[in-house]
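Participant: Here is what each chain is made of, one letter per residue.
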Amino acid sequence: MYMHNRIGAQTKRARVGGALMALALAAGASTVAAQQGGAREYVPFDDIDPTLGHLADMEFSGTVRYWKDEETLRQHLSWVGDPENEWKLNYKHRDLEYDELHGGHFYLEEGEAAFRELSERHPGFAGCIGWGEADLVGAATRYPRYDPETNAIWTLEGRIEHCAKAIAGQELPQGSPGNTRLSLYVKSLSHGMPIDMDIGQPALRIAYERGKGLFYMKAGQFNFACATCHSPKTPVMGRRLRGQMSTTPFAFAAHFPTYRSARGTVETLQERIGLCSRQMRVTPLRPGDPAYVDLEVFLTALSNGYPIVSPGVR
Amino acid sequence: MYAKRITHHLMRALPLLALCLSAYADTPANRPAGGPPFAQWPCYSYTLPCGALSTRPAHTAELPAALAGDPDRGRALAHDRRKGNCLTCHLMQGGAQGGTVAPDLSQYATWGRSDQEIYARIFDQRAFIPGTVMPPFGTNEILTEQEIMDIVSYLKNSR
Numbered sequence: 001m002y003m004h005n006r007i008g009a010q011t012k013r014a015r016v017g018g019a020l021m022a023l024a025l026a027a028g029a030s031t032v033a034a035q036q037g038g039a040r041e042y043v044p045f046d047d048i049d050p051t052l053g054h055l056a057d058m059e060f061s062g063t064v065r066y067w068k069d070e071e072t073l074r075q076h077l078s079w080v081g082d083p084e085n086e087w088k089l090n091y092k093h094r095d096l097e098y099d100e101l102h103g104g105h106f107y108l109e110e111g112e113a114a115f116r117e118l119s120e121r122h123p124g125f126a127g128c129i130g131w132g133e134a135d136l137v138g139a140a141t142r143y144p145r146y147d148p149e150t151n152a153i154w155t156l157e158g159r160i161e162h163c164a165k166a167i168a169g170q171e172l173p174q175g176s177p178g179n180t181r182l183s184l185y186v187k188s189l190s191h192g193m194p195i196d197m198d199i200g201q202p203a204l205r206i207a208y209e210r211g212k213g214l215f216y217m218k219a220g221q222f223n224f225a226c227a228t229c230h231s232p233k234t235p236v237m238g239r240r241l242r243g244q245m246s247t248t249p250f251a252f253a254a255h256f257p258t259y260r261s262a263r264g265t266v267e268t269l270q271e272r273i274g275l276c277s278r279q280m281r282v283t284p285l286r287p288g289d290p291a292y293v294d295l296e297v298f299l300t301a302l303s304n305g306y307p308i309v310s311p312g313v314r
Numbered sequence: 001m002y003a004k005r006i007t008h009h010l011m012r013a014l015p016l017l018a019l020c021l022s023a024y025a026d027t028p029a030n031r032p033a034g035g036p037p038f039a040q041w042p043c044y045s046y047t048l049p050c051g052a053l054s055t056r057p058a059h060t061a062e063l064p065a066a067l068a069g070d071p072d073r074g075r076a077l078a079h080d081r082r083k084g085n086c087l088t089c090h091l092m093q094g095g096a097q098g099g100t101v102a103p104d105l106s107q108y109a110t111w112g113r114s115d116q117e118i119y120a121r122i123f124d125q126r127a128f129i130p131g132t133v134m135p136p137f138g139t140n141e142i143l144t145e146q147e148i149m150d151i152v153s154y155l156k157n158s159r
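Chain order of the listed sequences is A and B. According to this note's numbering, the stretch in the first sequence is residues 1 to 314, in order. According to this note's numbering, the stretch in the second sequence is residues 1 to 159, in order.
Don't read these hints as lab results, they were simulated from the structure. Beta carbons are placed, not taken as given, at the ideal position from N, Cα and C, and that holds for glycine. All clues stand as given, with none of them false.
Some residues of chain A that are not near chain B, with every Cβ distance over 12 Å (derived):
id	residue
1	D69
2	E71
3	W79
4	E112
5	A114
6	E117
7	R142
8	E149
9	Q201
10	P202
11	P307
Among chain B residues calculated to face chain A with C-beta under 8 Å, some are:
id	residue
12	W41
13	Y44
14	Y46
15	S54
16	L87
17	T88
18	G99
19	T100
20	V101
21	N140
Work out the full structure: start from the sequences and follow the hints.
Facilitator: Here you go:
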C-alpha cells in the first residue's frame, strides 16, 4: 500500500564551491547528493518547496491541516492516545502544555538571570546576538542567519558561543547547559512569533540543499536515513514502531530548546539530532558541527511561518 | 574533549530508552560483544573518515551448511531490543507490542519460504527489495551467522 523507496543511487559527488553549482542548487535541483565522497544509498527525495515553510507539508504528509494553529489543533484533541490518528497532530498537542508549569519554565528563569548578569557586565552582548539591535524581541525568529562579513552561517547557539567569547571572553560551548539556558531565554523572547529564516539568501539556500542531502542519506549500522522515519515515502511514518510513532519533520524547529519531561533536561535541536544519530548507530557529531548546522537550516526552513513555542516541552 | 562528549552522549542515551526508538539506543550493552564501532559505517561528517565511507553493497548470503538454529534462542534474539529487535517493525509470535511498519510474521512458517531465502532476507533484505527500510542485519554485522540461523529456526516454528 505504501510506495517502496528505491535506492537513490546517487553516487554522484556534489562539491560545494563554484558559483555555478551554487546557482544550480539554489535553482532547486532535487537530486543533490551529500557533500561526502563514497557511494551512498538514499531515500528518494521528497519534492519540497522550501519557500512555503511549514505549509509545504500540505503536499507532503498533509497533516499540517490538523495542527496548523491552536484552534484547529483543539478540534482534533480527541486523537491524543488514538494509535491510528495521534501522529497526525505532529506532537503539537504538547505545545498546549506551555501554560503549565513544566521544567522548561524553571530553566528559563535561570536563563534570564544568566542573561541579565552577562549583559550588565558586558553591554555589547545583547547587540551581538541581535545583529546590532539590543532589543532581542523577535531576534530568534531570524536564526539561523548568514553573515557576509564572516561568510558563516550562525545558529542561535553558535552565535551565543561566539558572542560570549568575543564580548565577554567566556567559554560557552554549544550543547553546554550555560549556552542552552541563554538560548532558551533568547528564544522565549520570540514566543508566539513566526519563524522567519531567510531562505531566499543564497548561502542559506545552499546549506538547505546540503542539509536535505544529509536528511535523505542512509548512514550508520542500521542503514537508516532521517527520512526513513520522517518521510511519507517510506512505510514508517504514521505507523507504530513498538510504542513509538514518528511524524513529519515540519515545524520541528519551533519548540527547541525543548524540555524533555521523560529525561528532565532541556535539549537543543542539534543535541536531538545527535541522540537520533546514536539510535541509528551513526557516529554522533558535536553540536555546532557544520553537518548539523546544515541539518538545522533544512529543518528550520520546514518550520518557517510556524510560531515559536518557548519554553517548549516534549 | 571529543571522548568526553561521547561519554556524555552515552550517558544520555540511557534515559532515552523510554523515548524514541529505545531499541536502537547505543549503549555499550547494545553492541554485539566485541562488535565493531560505528565509525565503520557512513556518518554525516564533512571531515571525519566515516563521512567518506560508502554504504556496504547489498549481498545475497548463502545459508552456512554447518549451522543449526535454536528456536528459543532465536525468539529471544528477535525480541531483544539490543539484538534483532524485529518487533519494532513486525508482529511476531510471543511478542507484545509489535510494530505495524512491516509484514506480520506471526504465521511466517506458513508462507512456504525456504530456510535459504529466510536466512538471506534477514542477512540483507536489500538483495530482494532494493531500498527496503529493514536493516541489513548480516552485512552490517548487527547479528552473527549463528544468531540469524537461530531466528530462522524461530520463524520456521511460527505457525
